[in-house]
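Enquirer: Residue numbers (the numbering used here), protein chains in the order written: chain A, 1 to 225; chain B, 226 to 450; chain C, 451 to 675.
Don't read these hints as lab results, they were simulated from the structure. Here the structure is a predicted model, which means the values were calculated and not measured. Don't take each hint at face value.
Computed list of chain C residues with no C-beta within reach of chain A, every gap over 10 Å [as the list claims (entries may be wrong)]:
1. 524
2. 530
3. 630
4. 637
Covered, in the sense of this in silico footprint (three residues per stretch, anywhere, with C-beta under 8 Å from a C-beta of chain C), are these stretches of chain B [unchecked claim]:
5. 309 to 320
6. 345 to 358
7. 379 to 390
The calculated label-pair distances, taken between Cβ atoms and stated as ranges, are [as the list claims (entries may be wrong)]:
8. 427(B) with 644(C): 50 to 56 Å
9. 623(C) with 352(B): 33 to 39 Å
10. 633(C) with 194(A): 56 to 62 Å
11. 599(C) with 95(A): 27 to 33 Å
Note that the Cβ used here is the ideal one computed from N, Cα and C, for glycine as well.
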Amino acid sequence: MTVTRFAVDLGVLPVALDLGGTFVFALSGAAAGVKHRLDVFGALVLALVAASSGGMVRDVLIGAVPPAALVDWRYLAVSLLAGAVVLLWHSAVERLRNPVQLFDAVGLALFAVSGAHKALAFHVGPLPAALLGMLSGIGGGIVRDLLVAEVPTVLRAEIYAVAALAGAAVVVLGSALGVPSSLATAAGALLCFGLRFMALRRGWRLPVAGEQEPSADAAKTRWRA
Amino acid sequence: MTVTRFAVDLGVLPVALDLGGTFVFALSGAAAGVKHRLDVFGALVLALVAASSGGMVRDVLIGAVPPAALVDWRYLAVSLLAGAVVLLWHSAVERLRNPVQLFDAVGLALFAVSGAHKALAFHVGPLPAALLGMLSGIGGGIVRDLLVAEVPTVLRAEIYAVAALAGAAVVVLGSALGVPSSLATAAGALLCFGLRFMALRRGWRLPVAGEQEPSADAAKTRWRA
Amino acid sequence: MTVTRFAVDLGVLPVALDLGGTFVFALSGAAAGVKHRLDVFGALVLALVAASSGGMVRDVLIGAVPPAALVDWRYLAVSLLAGAVVLLWHSAVERLRNPVQLFDAVGLALFAVSGAHKALAFHVGPLPAALLGMLSGIGGGIVRDLLVAEVPTVLRAEIYAVAALAGAAVVVLGSALGVPSSLATAAGALLCFGLRFMALRRGWRLPVAGEQEPSADAAKTRWRA
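Construct the entire structure; sequences and hints are all you get.
Expert: So this is what it looks like as structure tokens:
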């Protein structure tokens with residue numbers, strides 16, 4: 001039933017990006033587990049869920065079932081490895097400034113571009129491909145935050161979904177214009193990560209509906225908390 | 226891969242209802258964003274998510290992937306338009322009695338009937354078609370409420386899922402009995418909206434398990450709050 | 451479109467297990483509804499959602515759409531029956547020690563083995579089949595807990611996802627080794643339920659990341675609360 005679907009050859013680059021995104025999202029999930037005092041297995045489950053939700057939603061939406069995260073053992077291995085890294089060196093991880101958000105920003109960028117690539121490989125049009133890239137990027141963080149009863153970063157935040165959409169759009173545009181795939185991918189991932197990182201570090205944010213003025217100080221405080 | 230699936234012709238009516246439901250659910254999402262003091266982009270994301278979750282779940286469950294909400298640019302445009310309306314006129318929106326629930330009731334009715342239509346067009350049986358109509362109706366509100374950390378209306382509430390199921394069932398029955406599609410659709414949507422609206426305004430509700438008597442006053446107070 | 455997919459014959463045993471799991475997960479959902487003071491219909495919705503989420507996620511991930519929970523009326527009937535049982539005899543149910551978790555443990559075991567069976571019937575490989583069994587088992591409880599704004603058991607807990615994975619793995623191994631299906635199924639379900647039950651009753655748990663020592667007393671207290 002699913003054999004013909006897997007004839008779609010993604011090439012090495014998107015799979016490597018996808019596995020990289022899986023690794024850092026799993027880091028963010030395990031770090032969120034440590035922050036919320038989950039037990040070892042709960043933190044590993046959160047690592048797995050954060051790492052695979054975005055890609056699984058993308059694969060279901062383009063009809064690539066069973067999703068790569070279930071079929072390809074490397075996704076599971078990479079997630080468990082990331083979980084083990086955080087659990088073994090959690091004191092080092094906790095010394096980072098907001099480790100959950102930092103790993104999340106890297107994963108957002110990698111999944112946004114790999115998601116756009118995979119959607120294009122499944123012959124989805126340019127607008128849906130960009131939206132699917134965005135969804136792949138933001139999906140894991142949404143599920144991770146929901147499970148630990150936090151309002152997801154994508155809603156609270158500073159530039160987030162818009163950064164993922166920008167990164168995915170660069171890949172889609174590059175493909176339409178015939179730019180070499182690796183160049184467009186690098187540009188998209190850097191744009192997404194750069195936007196998100198500056199939003200986090202500099203407190204870049206959009207005005208709250210109904211407020212007079214955005215408070216950059218408040219955002220910075222939240223980020224350091 | 227997905228080409229044959231799109232050969233299913235839904236006709237103008239279900240698509241118009243679906244876009245209408247998308248618009249009002251996006252209004253409810255943006256209004257919930259304003260209520261929870263999200264920033265502009267967070268409110269737009271919530272508008273998008275509330276508007277597209279129900280239909281995306283329905284499309285995935287009947288195998289219509291990629292879902293219409295991703296493939297057809299009008300869904301995105303209508304959602305962003307609704308978000309912009311709320312953000313520009315939020316003081317007017319906030320003067321409405323409980324705007325989130327009011328828009329939600331309209332969206333519930335429109336999605337329940339359009340969802341039942343789409344399921345029938347994909348040759349799903351009568352019971353699953355009614356259940357899919359209900360799911361399309363309640364899905365967006367559930368995801369919207371989860372994301373802002375509220376217990377979803379469908380659980381807290383007064384008549385809600387049962388109203389969506391009734392509306393969808395009218396469409397399915399009408400199709401089985403050969404009633405003209407537009408008539409059954411109008412009757413189903415009115416029944417669903419009417420039940421939900423009366424439940425909201427009159428405090429109609431079902432007894433709480435374990436309580437002696439339902440408190441209509443309490444429900445009314447909640448609705449006005 | 452979906453006709454050929456349903457040519458997959460699951461046999462009597464997995465369907466019976468699936469319906470059994472549906473019944474007990476619906477009991478757990480309705481009991482959670484009573485515990486959180488939902489009204490009658492809210493408790494029934496929670497029963498339905500807890501009973502069908504895990505299986506629907508599994509069916510979507512293996513491409514078995516529309517999912518059995520929508521297509522086969524027995525799933526709906528069994529869920530509503532379980533909801534009615536809890537609502538009619540809720541005082542008896544509340545006299546049980548932690549009824550939500552007890553029913554949840556039985557459902558976890560039944561869905562883990564039926565999920566692994568169904569995945570194997572759809573020609574999924576051994577690792578994804580075991581993971582899909584685990585997902586089928588844990589899915590319903592995650593959605594149930596999210597909807598009533600609790601951190602899901604799978605994250606808070608003692609042995610949970612690992613029990614489901616162990617039960618599903620026994621079914622997959624049994625199938626690979628040619629062990630009679632009913633024997634492997636019984637062994638897998640008993641292993642999963644046994645692990646989970648002992649974790650609940652004896653306070654078996656894994657260490658919290660960053661703590662010196664797991665506190666078995668704390669776990670026992672939580673379970674009795």
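Enquirer: Now tell me, hint by hint, if it's right for this structure.
Expert: Consistency of the hints with the structure:
The Cβ of residue 524(C) sits about 24 Å from the closest Cβ of chain A, beyond the 10 Å cut-off, so the non-interface label holds. Its beta-carbon lying about 27 Å from the closest one in chain A, residue 530(C) satisfies the requirement of being farther than 10 Å from that chain. Every Cβ of chain A is farther than 10 Å from the Cβ of residue 630(C); the closest lies at roughly 26 Å, confirming the non-interface assignment. Annotated as non-interface, residue 637(C) keeps its C-beta farther than 10 Å from every C-beta of chain A; the closest such distance is 22 Å.
Judged by the Cβ-Cβ criterion of 8 Å, the stretch 309 to 320 of chain B is not covered by chain C as claimed, because only 0 of its residues qualify and three are needed. With 8 residues bearing a CB less than 8 Å from a CB of chain C, the stretch 345 to 358 of chain B meets the requirement of three and the coverage assertion stands. Residues of the stretch 379 to 390 of chain B with a Cβ under 8 Å from some Cβ of chain C number 9, which satisfies the need for three, so the listed coverage holds. The hint said 50 to 56 Å for the Cβ distance between residue 427(B) and residue 644(C), and at roughly 51 Å that hint holds.
With their beta carbons about 37 Å apart, residue 623(C) and residue 352(B) fall inside the hinted range of 33 to 39 Å. For the hinted restraint 56 to 62 Å between residue 633(C) and residue 194(A), the CB-CB distance of approximately 58 Å keeps it satisfied. Between residue 599(C) and residue 95(A) the CB atoms are about 32 Å apart, so this pair conforms to the stated range of 27 to 33 Å.
In summary, the structure is inconsistent with hint 5 from the numbered list given earlier, while agreeing with all the others.
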